[in-house]
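Undergrad: Sequence:
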Amino acid sequence: MAELKTTVNIAWNGGATGNGTLKAEYLDTKVAIPTSLGGSGNGADPKELLVSSATTCYIATLTYMLESRKLPIVQLTLNSEASISDKGFNITHAPQIVLAADATEDQVQSAERAIEGADKGCEVGNLLKKAGVVIEAQGKVSLK
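full-length UniProt numbering applies: residue 1 is where the sequence shown begins, and numbers increase by one.
Read the hints as simulated data drawn from the structure, not as lab findings.
One thing to keep in mind: the hints can contain errors.
To be verified - Using 30 Å as the maximum straight-line C-alpha spacing, the simulated DSSO-like pairs for lysine-lysine come out as follows:
#1 120 / 87
#2 70 / 120
#3 130 / 140
#4 129 / 140
#5 140 / 47
#6 130 / 47
#7 130 / 144
#8 144 / 23
#9 23 / 5
#10 144 / 30
#11 144 / 5
#12 144 / 70
#13 130 / 5
#14 129 / 87
#15 144 / 129
#16 144 / 47
#17 120 / 144
#18 23 / 140
#19 70 / 140
#20 120 / 47
#21 47 / 70
#22 5 / 129
#23 120 / 23
#24 5 / 140
#25 47 / 23
#26 87 / 140
#27 47 / 87
#28 140 / 120
#29 70 / 23
#30 130 / 87
Modelling step: build the complete structure from the supplied sequences, incorporating the hints.
TA: Here's what the structure looks like:
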């Protein structure tokens with residue numbers, strides 16, 4: 001993995017029940033402590049940001065793989081769900097890939113392989129896996 005450097009800045013106001021503004025080169029979002037932990041809940045919490053990072057990495061990797069295979073993509077969506085408890089931390093990615101109606105069976109199979117390949121190729125996901133997070137990709141490929 002190539003070395004990556006990034007800068008993130010947060011300005012926080014109002015103590016534990018306040019919120020902050022998180023900024024990076026292309027990110028500007030409110031963050032807060034969840035209400036379940038005594039915070040305001042008026043912003044994304046750290047777990048949401050962590051799962052968002054894994055989700056963004058996965059879809060970017062999948063998009064690149066699908067494009068490099070020159071597949072006739074009509075639509076690509078992703079829903080990711082995280083389960084965080086004393087038993088562990090799991091993330092399930094559920095991509096939905098819609099190919100053109102005239103896509104071949106080989107193209108469908110290639111898209112299905114890309115679902116698994118993106119999981120293996122996502123650098124953020126791989127870092128989380130090294131820390132014990134269980135990540136799965138359970139996608140669906142259909143024709144329009």
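Undergrad: Each hint needs a verdict: does it hold in this structure or not?
TA: Hint check:
1. 120 / 87: holds, 23 Å
2. 70 / 120: holds, 20 Å
3. 130 / 140: holds, 26 Å
4. 129 / 140: OK: residue 129 and residue 140 at ~23 Å, within 30 Å.
5. 140 / 47: holds, 26 Å
6. 130 / 47: Given pair residue 130, residue 47 holds - Cα atoms ~17 Å apart, limit 30 Å.
7. 130 / 144: This hinted pair is violated, its Cα atoms lying about 38 Å apart.
8. 144 / 23: violated, 39 Å
9. 23 / 5: With Cα atoms ~15 Å apart, residue 23 and residue 5 stay inside 30 Å; holds.
10. 144 / 30: violated, 38 Å
11. 144 / 5: Violated - the C-alpha atoms of residue 5 and residue 144 are around 41 Å apart, more than 30 Å.
12. 144 / 70: holds, 17 Å
13. 130 / 5: Distance ~20 Å between residue 130 and residue 5 Cα, so the pair holds.
14. 129 / 87: Holds, at roughly 15 Å.
15. 144 / 129: violated, 34 Å
16. 144 / 47: violated, 35 Å
17. 120 / 144: holds, 27 Å
18. 23 / 140: Measuring from Cα to Cα gives roughly 34 Å; hence the hint is violated.
19. 70 / 140: Roughly 18 Å between the alpha carbons, so the hint for residue 70 and residue 140 holds.
20. 120 / 47: Judged against 30 Å, a Cα distance of about 22 Å means the pair holds.
21. 47 / 70: violated, 35 Å
22. 5 / 129: Within the cut-off at roughly 21 Å; holds.
23. 120 / 23: Roughly 29 Å between the alpha carbons, so the hint for residue 120 and residue 23 holds.
24. 5 / 140: Cα-Cα ~34 Å, so violated.
25. 47 / 23: At roughly 17 Å apart (the allowed maximum being 30 Å), residue 23 and residue 47 satisfy the hint.
26. 87 / 140: holds, 28 Å
27. 47 / 87: Roughly 16 Å between the alpha carbons, so the hint for residue 47 and residue 87 holds.
28. 140 / 120: holds, 17 Å
29. 70 / 23: violated, 35 Å
30. 130 / 87: holds, 17 Å
Figure legend: structure checked against the earlier numbered hints; hints not met, in rising order: 7, 8, 10, 11, 15, 16, 18, 21, 24, 29.
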